[in-house]
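Asker: With chain F fixed as given, assemble chains P, E, R, X and C onto it according to the hints.
6 protein chains.
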Amino acid sequence: MPALVYLTRRFEFAAAHRIYNPAWSDEKNAELFGPCSNPMGHGHNYTLEVTIGGTPDPETGYVMDLRQLKKLVEETIIQHLDHKHLNYDVPLLHGKIPSTENLIVLIWDELQKALPGHIRLFRLRLWETNNNYFEYYGEKTD
Amino acid sequence: MPALVYLTRRFEFAAAHRIYNPAWSDEKNAELFGPCSNPMGHGHNYTLEVTIGGTPDPETGYVMDLRQLKKLVEETIIQHLDHKHLNYDVPLLHGKIPSTENLIVLIWDELQKALPGHIRLFRLRLWETNNNYFEYYGEKTD
Amino acid sequence: MPALVYLTRRFEFAAAHRIYNPAWSDEKNAELFGPCSNPMGHGHNYTLEVTIGGTPDPETGYVMDLRQLKKLVEETIIQHLDHKHLNYDVPLLHGKIPSTENLIVLIWDELQKALPGHIRLFRLRLWETNNNYFEYYGEKTD
Amino acid sequence: MPALVYLTRRFEFAAAHRIYNPAWSDEKNAELFGPCSNPMGHGHNYTLEVTIGGTPDPETGYVMDLRQLKKLVEETIIQHLDHKHLNYDVPLLHGKIPSTENLIVLIWDELQKALPGHIRLFRLRLWETNNNYFEYYGEKTD
Amino acid sequence: MPALVYLTRRFEFAAAHRIYNPAWSDEKNAELFGPCSNPMGHGHNYTLEVTIGGTPDPETGYVMDLRQLKKLVEETIIQHLDHKHLNYDVPLLHGKIPSTENLIVLIWDELQKALPGHIRLFRLRLWETNNNYFEYYGEKTD
Amino acid sequence: MPALVYLTRRFEFAAAHRIYNPAWSDEKNAELFGPCSNPMGHGHNYTLEVTIGGTPDPETGYVMDLRQLKKLVEETIIQHLDHKHLNYDVPLLHGKIPSTENLIVLIWDELQKALPGHIRLFRLRLWETNNNYFEYYGEKTD
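Protein chains in written order, with the numbering used here: chain F, 11 to 152; chain P, 11 to 152; chain E, 11 to 152; chain R, 11 to 152; chain X, 11 to 152; chain C, 11 to 152.
Looking at chain F on its own, in the form it has when it is part of the complex (with noise of 0.2 Å):
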């Protein structure tokens, strides 16, 4: 029987975001976001883990070609948010507040649509800064 292994490949991106929910007033998002909802924004190295899960084929011992994937994922997602404002420059995040948690799951749906068949995606961690991040595997809840 084949083994199931998984493969990861990390991404970054420079952008900027300003947590701010439109419903609230200046002063409920400056109470509630505190720095992280100042008018102007501000920003983050962003580093993304893609993970994929798959047999090595036979032929090649690859469950994917990296550079395959790293075409895809940068054509797909990194190109999108790459030196960009995430409140105004990514449609996908339009009417949604840019926090990291609803990123991930933006992320997830479209890497999705983009991955061959055969291809799983298993996982996806997003680092904000160097002391937190975030992960989503695709779980819903009740």
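Keep in mind that the hints were calculated from the coordinates and are not lab data.
Note that the structure is predicted; figures quoted are calculated from it, not measured.
Some hints here could point you the wrong way.
Pairs involving identical chains hold if they fit within one copy or between any two copies, as the list cannot separate such chains.
[To be verified] Below, in silico cross-link-like pairs of lysine to any residue (SDA-like), each with a Cα-Cα straight-line distance of 25 Å or less:
hint : residue 1 : residue 2
1    : Lys81     : Asp152
2    : Lys81     : Asn39
3    : Lys38     : Thr65
4    : Lys123    : Leu82
5    : Lys38     : Pro126
6    : Lys38     : Leu76
7    : Lys80     : Glu59
8    : Lys80     : Glu145
9    : Lys81     : Pro126
10   : Lys106    : Glu85
11   : Lys150    : Thr70
12   : Lys150    : Thr61
13   : Lys80     : His90
14   : Lys106    : Ser35
15   : Lys106    : Leu76
Answerer: Chains P, E, R, X and C alone, transformed into the frame defined by chain F:
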């Protein structure tokens, strides 16, 4: 259905410890634990990664405000371990060998009690050096 | 009930490899594998993370003495891969394409045989570069 | 004769910026600066390393108490940059292109004024991403 | 007077090498170089840090556009080393022992020729593993 | 003319220390040093970077064989500090406050004596935590 997202915050603390079983002779301690049992102790820069799981709040986009999580872990855990000697200064560890295995389980139990009810403690990862780390998911064996 | 704790030790080794399928022409190898198939090979500083699970021994506080784990992995794995060319110097890989996918599965099988019976091999993580890594949990697909 | 020892403390701040010369047209900005000039800005997790030099005080063994250095840099620099948009929120940068080159020189001038007289500011290192950093030693050219 | 600022860009390349002096017997090579002289070679993920110095251009705020520096170093250096065996595939190293000391001096000479005249090459740092690196400032001894 | 190349090797050791001036009362120690003066001590994973300079030997391509440097530093320095309490277990530090400033100067003096005559000790860098490090170039002030 809302997504289940995991959020991790990293913390550092500097502490001393000595691996020592008081039921044994000094010779047996030295033989079994080697330099880890040197009488005056040695120390580490520990890194603790606390991972919680939950669904993003539609009004904030957050599983839990990172500033709130930081405050809770610092008050419950870090203040009691940072710049301490684990064998002498930490009541929770009295009567326990301060191995990183024992320490991570005690941290789990304290955090479980302190976290809000709707937040699930998912994983702790505790780095002792750059070359080794311990993980605990709250699992028990029979 | 005793807690189930996971312990990870990191190892590094420097090795050369060439991704090459001898059943194919040089042209097809070059076309499919790109520079990874350059004839004389290239190399990496691999980092291997070995994760085992178990319950802390009440007398030592240890799942397994880290010095013992280090010795076992170095003798079983690292000595056979460090400063080697994976296509020529590693009997275990003969007849296999030395992709990191194939390598991680072979390391798993060797460690399984070498670890004491009460220790569970939980996960291997093998970094090929700072930007990609592979994980294996011993899973098989149908 | 007392030894001259250098002491470095690292700091992190998250900020947004846009590389933009207001004397130029938007087209020229886009052409010369590429995505760094996108109108809404992007952002980074900056890491600042402050290096001071001095002789250890015989009574404390310290060149300068790290807690005192931390407080001084946070109040003088970090609080004015963290969670800010460098083009709008930082008076010191008004009328300046917020390149990391310009930023590091301004930080130097502020720290020079704030440090105690017996402490020599030796070097600043400012990381913009994991792949680039800037250094300044207070040198001027003719 | 304008400030002199240093700017560093990091690059990675994966290569194989063998430390071997063809004027010696295989036995002497093995004795003096140990496993570094294994016949088929081994490899590393090298990290190259290129540091240049200059004054920020008042119109751009840049010492040198990072994208321009990246392109120049990739074309002059990285493309000739990445995924190569340093003993066979790199004309510049022919007749030289491919130690990291020799490699860093050759990279310096190539970059010196390729950089624009107003840019000063200040320092190269070349990591061979996570535990060792080499630096060169263009200094000669008598 | 031969090139002057600098070579750095990294080492890690785990040690405990307490910042304490025995000429002062416990109250004064607590007031000036804060938690760094807690009676039982605390600890760190120290990282030591030893940088030497020299010209590559034409026969080996090496400034100094890294294995030889590793052995020399481990025997001269690391074995005397690793898994030790710096206030009690290290004769060299007796009568000295075990600040990292004092420690780095003592390491320099020991290494100077132990290195071969044609090798120049250029720089020591000693990390106490991930957020601070100390450097010494052997400089004295008047």
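Asker: So, for every hint listed, does it hold in this structure?
Answerer: Now the hints, each set against the structure:
1. Lys81 - Asp152: neither (35 Å within a copy, 30 Å between copies)
2. Lys81 - Asn39: The answer is between: 20 Å across copies meets 25 Å, while 38 Å in one copy does not.
3. Lys38 - Thr65: Cα proximity of Lys38 and Thr65: across copies only (22 Å, versus 50 Å in one copy).
4. Lys123 - Leu82: Within one copy only: 11 Å inside, 37 Å across.
5. Lys38 - Pro126: between (44 Å within a copy, 22 Å between copies)
6. Lys38 - Leu76: between (46 Å within a copy, 18 Å between copies)
7. Lys80 - Glu59: both (11 Å within a copy, 24 Å between copies)
8. Lys80 - Glu145: both (19 Å within a copy, 18 Å between copies)
9. Lys81 - Pro126: Classified as within; 13 Å inside a copy, 32 Å across copies.
10. Lys106 - Glu85: So Lys106 and Glu85 pass the 25 Å test inside one copy only (22 Å; across, 33 Å).
11. Lys150 - Thr70: between (35 Å within a copy, 18 Å between copies)
12. Lys150 - Thr61: both (18 Å within a copy, 18 Å between copies)
13. Lys80 - His90: both (14 Å within a copy, 22 Å between copies)
14. Lys106 - Ser35: For Lys106 and Ser35, the Cα distance is within 25 Å only inside one copy (17 Å; across copies 32 Å).
15. Lys106 - Leu76: between (32 Å within a copy, 19 Å between copies)
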